[in-house]
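**Q** Listed below are the residues making up each chain.
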Amino acid sequence: MTRRPTWALLLLALAAAPGARSGVLPDDRADVLYHRYDGGGVTIDGPSLLVRKKFAEQYSVSANYYVDMVSSASIDVVTTASPYKEERTQGSLAFDMLNGKTQYSVNFTNSDENDYTANSASLDISQDMFGDLTTVSFGFSRGWDEVRKRGDTDFSEPIDRSTYRLGLSQIVTPRLMMGVNYELVTDEGFLNNPYRSVRYVDPDSASGYAYQPEAYPRTRTSSAASINGRYFLPYRAAVHGEYRFFTDTWGIDSSTVRIGYTHPWGEKWIFEAGYRWYDQSAADFYSDLFPRQDAQNFLARDKELSTFTSHMVSLGATYELPPLGWKFLQRSTVNLFYERFRFEYDDFRDITAGGQAGTEPLYGFDADVIRVYVSGWF
Amino acid sequence: MTRALAMPTLLACLVMAGCSGVEPWVKPYERQNFADPIMSANRDPVAASYLNHVFEAREGARGATGAHGGGCGCN
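Chains as they are written, first to last, in this note's numbering: chain A, 1 to 378; chain B, 1 to 75.
In short, the hints are calculated from the structure, not lab data.
Quick reminder that beta carbons are idealized off the backbone N, C-alpha and C, glycines included.
Just so you know, nobody snuck in bad clues.
20 Å max Cα-Cα, derived EDC-like pairs, lysine to aspartate or glutamate:
#, chain 1, residue 1, chain 2, residue 2
1, A, Lys53, A, Asp27
2, A, Lys149, A, Glu188
3, A, Lys101, A, Asp27
4, A, Lys101, A, Asp132
5, A, Lys149, A, Asp112
6, A, Lys85, A, Glu113
7, A, Lys268, B, Asp36
8, B, Lys27, A, Asp132
9, A, Lys101, B, Glu23
Label pairs and their calculated CB-CB ranges:
#, chain 1, residue 1, chain 2, residue 2, range
10, A, Asp112, B, Ala35, 38 to 44 Å
11, B, Asn42, A, Thr352, 35 to 41 Å
12, B, Gln32, A, Arg340, 32 to 38 Å
13, A, Asn99, B, Tyr29, 23 to 29 Å
14, A, Asp112, B, Val22, 45 to 51 Å
15, A, Leu93, B, Trp25, 38 to 44 Å
16, A, Val51, B, Trp25, 34 to 40 Å
17, A, Pro213, B, Val22, 54 to 60 Å
18, B, Gln32, A, Gln58, 22 to 28 Å
19, B, Gln32, A, Leu362, 49 to 55 Å
20, B, Trp25, A, Thr221, 36 to 42 Å
Chain A with its partners taken away, still in its complex shape (with noise of 0.2 Å):
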């Protein structure tokens, strides 16, 4: 099938699909959140500010700024590398109209650090339907990057990267509502770390192996599934949960389980709990330690590509301020959600503590994240 009829079958369900009562737009906001993740030797903090406005009801426009400030001596980069520092800021921009139950999103995102910039472009459809039981969404998303290389200014690689999102959500009883999500992404270009490196047996050397530049193959497409579901208690709270399948051309297959729960208290909290966990095969080509240099055409020893299992748990607590006195403001809240998390890796060694090659005790970390932010709505 060519890429046309494709397209022209979207645009038919579009045109099928019934049109009554007009949807709504989300509301007014402003958000000014401070981030901050600290685990394995990784400190990365900053500021991410939101603001949407809607305009004739019909149409609104969505600005999002976005820093990470990265102070990094993680264990891939003491063991091969020096700690550094740098900065990536993030703009996008989006635009929402309302047609009927047909909302149109488009959004273009530039991310941009002292070795890597990313372009991206998505457009988004969803549609109301069934007495505005069922939402149904379409997504697809281009991307264009391009890898650098500190200390290499000739150093340039692409990557292209496409992405299609399938979505429907839908209210099951007074009570529950549920949603099923696919996404399918392709990735074309230089999709390794230029920095990054694998490590082999070598008898010459004394601690019993060598190192290598890492080398991926050009393309990857992934697959990912989810069904969730939200629940209305008999008394005023909610539960959650999530599940999620991933596969992809690399062999990585994962599986996320995510549950949660809100509680509100009063008129002006509202507490969360919620745990979440991750669980990956590792790539076809990931190896800890490969038995000789060159082994295999390709060779990964990002432990992001290792066999490991995560566990999360998050709580967060959002208070409603009294009013300011603000005319222009409805409402406002302050947020503080925080997020531990336990990684634990079946095949990616701890090379720092030494030992014989391969037989070093396995990797493990713990991280935090703190998120703390302010969202008005006016």
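Based on these hints, arrange chain B on the given structure of chain A.
**A** Here is chain B on its own, set in the frame of chain A:
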């Protein structure tokens, strides 16, 4: 790629076109629970998208979170 998209698109087309006469079984006056902020899956988008960024940077998996994709410079 386009083949992979064709089937879900066609399925959605048929569902949207063929079932437009379905009677809503949860009436509008029975939906007050869904207007409560605690039932919103994405109450604060800026905070949720940051956490998705952390997941994408630390894990091999990506997608199907209900959020927009984008270049994150994570490799």
